[in-house]
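Just so you know, the sequences run in chain order F and S. Each residue of the first sequence is one higher than the one before, starting from 1 at the first, in the numbering used here. Each residue of the second sequence is one higher than the one before, starting from 1 at the first, in the numbering used here.
Source of the hints: derived by calculation from the structure; they are not laboratory data. By construction, the Cβ of each residue, glycine as well, lies at the ideal position given by its N, Cα and C atoms. Just so you know, not all the hints are guaranteed correct.
[Stated by the list, open to error] Once the Cα atoms are required to be at most 27 Å apart in a straight line, the calculated DSSO-like pairs of lysine-lysine come out as:
no.	chain 1	residue 1	chain 2	residue 2
1	S	Lys37	F	Lys37
2	S	Lys371	S	Lys157
3	F	Lys157	S	Lys157
4	F	Lys371	F	Lys157
[To be verified] If the Cβ cut is set under 8 Å, some of the chain F residues that face chain S in the computed set are:
no.	residue
5	Gln36
6	Asp83
7	Arg128
2 protein chains.
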Amino acid sequence: MSDESRPASTNVRGAEYPRVHPDGRVTFRLYAPEAQKVVLQPGGADNGLGPGPYEMTRDAEGNWTVTIPPAVPGFHYYWFIVDGAMVNDPGSETFFGYGRQTSGIEVPEGAEAAAYYQPQDVPHGEVRARWYWAKTTGAWRRAHVYTPPDYDANPTKRYPVLYLQHGAGEDERGWATQGRMNWIMDNLIAWGEAAPMIVVMDCGYTIPISTVPGGRPDMATYVRMQEAFANLLLQDVIPMVDATYRTLSNREHRAIAGLSMGAGQALYTGLTHLETFAYIGSFSGGMREGFDPQTSYNGVFRDPAAFNERVRLFWLGTGTAEPRAYEAAHTIAKAMDEIGVRYVLYESPGTAHEWLTWRRCLRNFAPRLFK
Amino acid sequence: MSDESRPASTNVRGAEYPRVHPDGRVTFRLYAPEAQKVVLQPGGADNGLGPGPYEMTRDAEGNWTVTIPPAVPGFHYYWFIVDGAMVNDPGSETFFGYGRQTSGIEVPEGAEAAAYYQPQDVPHGEVRARWYWAKTTGAWRRAHVYTPPDYDANPTKRYPVLYLQHGAGEDERGWATQGRMNWIMDNLIAWGEAAPMIVVMDCGYTIPISTVPGGRPDMATYVRMQEAFANLLLQDVIPMVDATYRTLSNREHRAIAGLSMGAGQALYTGLTHLETFAYIGSFSGGMREGFDPQTSYNGVFRDPAAFNERVRLFWLGTGTAEPRAYEAAHTIAKAMDEIGVRYVLYESPGTAHEWLTWRRCLRNFAPRLFK
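One chain only, chain F, in its complex shape (with noise of 0.2 Å):
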């Protein structure tokens, strides 16, 4: 290539496409000399790719190519479309989403806007595979722990726990491979502005999918998954976390955030549980439909002001260019503000409903707690 475009950093190794141009054009190319059609399709309605289809134009040895105008800065999950068939990018990692490994692509910002998710030189930590068999579905389960620069170091030290989830088609995996969380929390943790915390991922799906008519759960599973979730989490997974780690086993050293579908159910599980929870987030998440502040979440704003003393945090993100997301938060924050509960709203500007918007959902997010 003689123009100054640079393979993109979720290339696999030695992969030249998709390259991103420095005002963020993204060439991509696929191989695919007998087919008849084929075109390049942005993961979501609000992904920074814009929303496409895009059609490839073919060339003398059967390579399709496209060129699309400058994306906006992020994570954006994308595929094939080859004579109707759903086709990975070779040149590119995979990404758990859709529930399918799906292909992804980085699209950069600047340097010193980036610098709070790239590995930088200071101390890190460690993202744990941990196998569990969880009572409450009845199979073996995997669990990533986060454990902080200096958690083997201490071996006598205990530390505070963050129960992060991902959103919907996505899985344990998301948050330290698409959302980075280790690097976030190392340079956190380094420059003074979190505390040294354990951070636990686990899949926020429960109940088997194959039950959902359609493949695509509708409210009322989200509520079931929502349950479900939440016994997973209260009776298997935080007891495995507190008898496996040195945690400080107590709600004013626990917190629960999660994203999109994960938002749900980090608000479900965490306002239904106070005992266990004093610190709340919702990444770009709703509350259930028909918030009453006498009876949702089990009564649990009916006495505001005590819902003010109980709780440490009640954090609100969204991103200012995903509509529904951006809605979903400030009918909360309006909710609030009528009952007179505490909350911080946060916006991040200009990001959609993609990663980018949650690990800097994070960075705002996690210096708030355990302070």
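Chain S: place on chain F using the hints.
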């Protein structure tokens, strides 16, 4: 489905295809309504799914299917070719192989034979993602580090270390996903067969792939990669591991092994650094061409008696159904017989150049370490 086939264990949640039949046949399916031609392509010449490619047949809804003859048990890479484009199966997890994310399927063997690589109700270790800066490559790298079940509970205990490498086209993720090394080690330790040990898995690719013409390294490149990998391991990885984990940091408590390309790296690094390693294992690998006991590997075989005294284990493994590796292992064994060097030769019955061979290699190799 009215038959007794079951979704493969490697499927993503809820995916009904691919399905494995009780007799080992496998049914694959892909939705590609506008495609002209779809085939199933097993990965690699000795793949347990058979050589393929297998033509798939379209139904009225646009689903293409094929049922293949009984497959060899084990883990097999595969993909579809849709009108000339390489396509992953949205129903399967992906695994890093062939230098890209690739679909894979687990074809089960009997529960008894598989017990050692399944999760059992025994204490579980962790696989930890550890980022570090490598001076020799000038980049951030990720190692995966297995710590045994009792590691955190014994904060003063120190452990021996096995350095364990993946094969060509793969990376540091291979052993803990395709290889199931964590469950193998958990079980061997619980059953009293292997000593509790730390296992370090890094990426064997240490020089830019894009410098290799045509994408597939030639022999000279593999040799350069062996040397670069040895430098990485000795100058970056081992010092980092010894500084970060509670290791027994001497040759008597350090082993190195790898599979295929990684076997070549383990042989080169181990045999030229007996001051660092006392245990060396080659899984489905071969020595460098033109073996000469006087000069090869810096002349380490020049004094067989000294070699036998210094090397605690020289271990060779191969499947019986992978002709090239089988011949390579026996070629080494014959050369060692001729000069009187002790070794162990293990043969995995009926398995090919795939991960079931390497799980069995680890199962045989690990119990011989650090005793």
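Results of checking the hints against the structure:
Pair hint Lys37 (chain S) plus Lys37 (chain F) holds up; C-alpha atoms about 14 Å apart against a cutoff of 27 Å. Restraint check for Lys371 (chain S) and Lys157 (chain S): satisfied, since their Cα atoms lie roughly 17 Å apart, inside the 27 Å limit. For the hint linking Lys157 (chain F) to Lys157 (chain S), the alpha-carbon distance of about 18 Å falls within 27 Å, and the restraint holds. A distance of roughly 17 Å separates the Cα atoms of Lys371 (chain F) and Lys157 (chain F); the hinted pair therefore holds under the 27 Å criterion.
Interface restraint check: Gln36 (chain F) against chain S, minimum CB-CB distance 7 Å, threshold 8 Å, status holds. Nearest Cβ of chain S to the Cβ of Asp83 (chain F): about 4 Å, under the 8 Å cut. The hint holds. Interface hint at Arg128 (chain F): satisfied, since its Cβ lies 4 Å from the closest Cβ of chain S, which is below the 8 Å cut-off.
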